[in-house]
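A.B. asks: Sequence:
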Amino acid sequence: MRPFPSHATAFAARIGAKHPIVLAPMLAHTTPRLCAAAANAGVVAFEGAGQLGKDVLVSRIRETQAMLNAGAVFGVNLFVPSGFYTDPSSWTEPQAAAVEVARERYEGYLRELSGEAAGTAAPSLSREEHQAVFSGQVDALLETGVKLVSFHFGWPDAAEAGRLREAGATLQGCATTVEEARWLVDQGADAIIAQGAEAGGHRGTFIDAQDYRRALVEVVPLVRGIADAVDVPVIAAGGIMRGGDIRAVLEAGASAAQLGTAFLSCPECGTSAMHREALLGYGGEGRDASDPLPTVVTLGYTGKPARGLQTDRALRMADLEGALPNCFNGMLAGRTLQAAALKQGRKDAAYLWAGSGYARSRAMPAAALVETLVAEAQSSQYEG
Numbered sequence: 001m002r003p004f005p006s007h008a009t010a011f012a013a014r015i016g017a018k019h020p021i022v023l024a025p026m027l028a029h030t031t032p033r034l035c036a037a038a039a040n041a042g043v044v045a046f047e048g049a050g051q052l053g054k055d056v057l058v059s060r061i062r063e064t065q066a067m068l069n070a071g072a073v074f075g076v077n078l079f080v081p082s083g084f085y086t087d088p089s090s091w092t093e094p095q096a097a098a099v100e101v102a103r104e105r106y107e108g109y110l111r112e113l114s115g116e117a118a119g120t121a122a123p124s125l126s127r128e129e130h131q132a133v134f135s136g137q138v139d140a141l142l143e144t145g146v147k148l149v150s151f152h153f154g155w156p157d158a159a160e161a162g163r164l165r166e167a168g169a170t171l172q173g174c175a176t177t178v179e180e181a182r183w184l185v186d187q188g189a190d191a192i193i194a195q196g197a198e199a200g201g202h203r204g205t206f207i208d209a210q211d212y213r214r215a216l217v218e219v220v221p222l223v224r225g226i227a228d229a230v231d232v233p234v235i236a237a238g239g240i241m242r243g244g245d246i247r248a249v250l251e252a253g254a255s256a257a258q259l260g261t262a263f264l265s266c267p268e269c270g271t272s273a274m275h276r277e278a279l280l281g282y283g284g285e286g287r288d289a290s291d292p293l294p295t296v297v298t299l300g301y302t303g304k305p306a307r308g309l310q311t312d313r314a315l316r317m318a319d320l321e322g323a324l325p326n327c328f329n330g331m332l333a334g335r336t337l338q339a340a341a342l343k344q345g346r347k348d349a350a351y352l353w354a355g356s357g358y359a360r361s362r363a364m365p366a367a368a369l370v371e372t373l374v375a376e377a378q379s380s381q382y383e384g
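Just so it is clear: in the sequence shown, position 125 is 125 by full-length UniProt numbering, and no numbers are missing.
If you are wondering where the hints come from, they were derived from the structure by calculation, not from laboratory data.
Small disclaimer: the values here were computed from a predicted structure and weren't measured.
Mixed in with the good hints there might be a few duds.
[What the hints assert, rightly or not] Label pairs and their in silico Cβ distance ranges:
#1 Ala368 with Arg182: 30 to 40 Å
#2 Glu371 with Gly16: 18 to 28 Å
#3 Arg213 with Arg182: 19 to 29 Å
#4 Gly281 with Glu129: 39 to 49 Å
#5 Ala159 with Pro88: 18 to 28 Å
#6 Asp186 with Arg214: 12 to 22 Å
[Unchecked claim] Straight-line Cα separation of at most 20 Å, DMTMM-like style, residue types lysine to aspartate or glutamate; simulated pairs:
#7 Lys147 with Asp190
#8 Lys18 with Glu376
#9 Lys18 with Glu251
#10 Lys54 with Glu129
Note that the Cβ used here is the ideal one computed from N, Cα and C, for glycine as well.
Can you make the complete structure from the sequences, with help from the hints?
C.D. replies: This is the structure we're talking about:
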C-alpha cells in the first residue's frame with residue numbers, strides 16, 4: 001500500500017475528512033442522498049446551491065444533515081452573482097444579436113419537441129435580484145450551521161463573506177488560472193479549487209471571462225502552477241475518474257482531489273436516465289471505449305462556458321461561440337428547452353454535463369466508489 005502524500009493526509013485531517021477526496025458540487029445531481037453517502041464514506045461532500053431560493057436550500061441542507069454520521073464533512077457551493085450576470089445594456093451589438101439568434105434557435109428546437117415555443121425568451125433577473133438570491137443563500141447557510149463554503153465565478157463582496165467568516169465558516173474559491181488563484185487568496189480564500197480544462201460543468205473563470213479559452217489549462221500543470229504561487233491548500237478538479245488520477249494530482253501538489261463526473265453514475269445521484277445511459281454508453285449511438293462521443297466546452301448550453309457531451313444542440317450553436325456574451329442571463333431561453341429535452345428523452349437537444357474522462361465512468365454506490373478510489377490510489381499498481 002502507498003499511503004496518500006503527507007500534505008494531503010494533513011489537509012484531510014484538518015478539514016475533518018478521512019480521505020483527501022471531495023465530491024464536487026453539481027446542482028440537481030448532488031442530491032442529499034448522494035452527499036450523505038459520500039460524506040459518510042469519509043470524503044468531503046458539497047451540495048451545489050446554484051440559484052436555489054433560501055427555503056429550498058434550507059430544506060435540502062437539513063435533509064442531508066439528517067442522514068450524516070457524526071464527523072461527516074458536508075459543505076455548500078454558491079454561485080457569485082457578479083460572475084454570471086451582465087447588464088444587457090453593456091452588450092455589444094454583435095453580442096445582443098447573437099443572443100437573439102440563440103433564442104430563435106431554441107424556440108425552433110422547442111417547437112420540434114413540443115409543438116410550441118412559449119416561454120423560451122424568459123426575462124432575466126436584475127443584478128439586484130441575483131444579489132438578493134445570493135444573500136438568501138448565505139442566510140440559509142447561517143441558519144443551518146454549514147461551516148464549509150466554496151464559491152464559483154469569483155468571490156462575494158466583503159459583507160457577505162464577512163457574515164460567513166463571523167459564523168466560523170471555512171471559505172474556498174475556484175480558480176482556472178494562477179492569476180485568479182492569487183486574487184482569491186488576496187480576498188481571503190482558505191483553499192483554492194484548481195479547475196482544470198478537463199472538468200465537466202460550468203467553468204469558474206472570472207478574470208477576463210469573455211476570453212475563457214485562455215484559461216483552459218489541464219489540471220496537473222494548473223495544480224503545479226497554483227501550488228507554487230499561493231500558500232493555501234490546492235484542491236484539484238478536472239478529469240479525475242480513477243485512483244491513479246487522484247495519485248497524480250496529489251503528487252503534483254494538490255492537497256485533495258475533487259471528483260464530479262465520476263459520481264454521476266452512482267445510484268444516489270440525481271442524474272437522469274438519459275444522461276446516465278450516455279455516460280455509461282460512451283455517449284451512445286453505438287460508440288465504444290475506442291471512440292467515445294467527444295465533450296466540448298461552449299457557451300451554447302447556458303450562456304456560461306461549460307463542458308458537456310457534444311450533442312446536436314452544441315453543434316447547432318457552434319457558430320455563435322465567439323459572439324455570445326459570457327453570462328447566464330443572455331441564455332435563459334435554454335432552461336425551457338432543457339426541461340423539454342429531458343422530459344422527452346431527447347439527448348440531441350439536451351446539455352449533458354461530463355468531464356473529458358467520462359468514458360471511464362463506473363456504476364456503483366457512492367460508498368463503494370469511494371472505497372475503490374482509495375484502494376486504487378493507495379495501490380502500488382494502479383491504473384490512471
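A.B. asks: Would you pick out the hints that fail for this structure and give their numbers low to high?
C.D. replies: none
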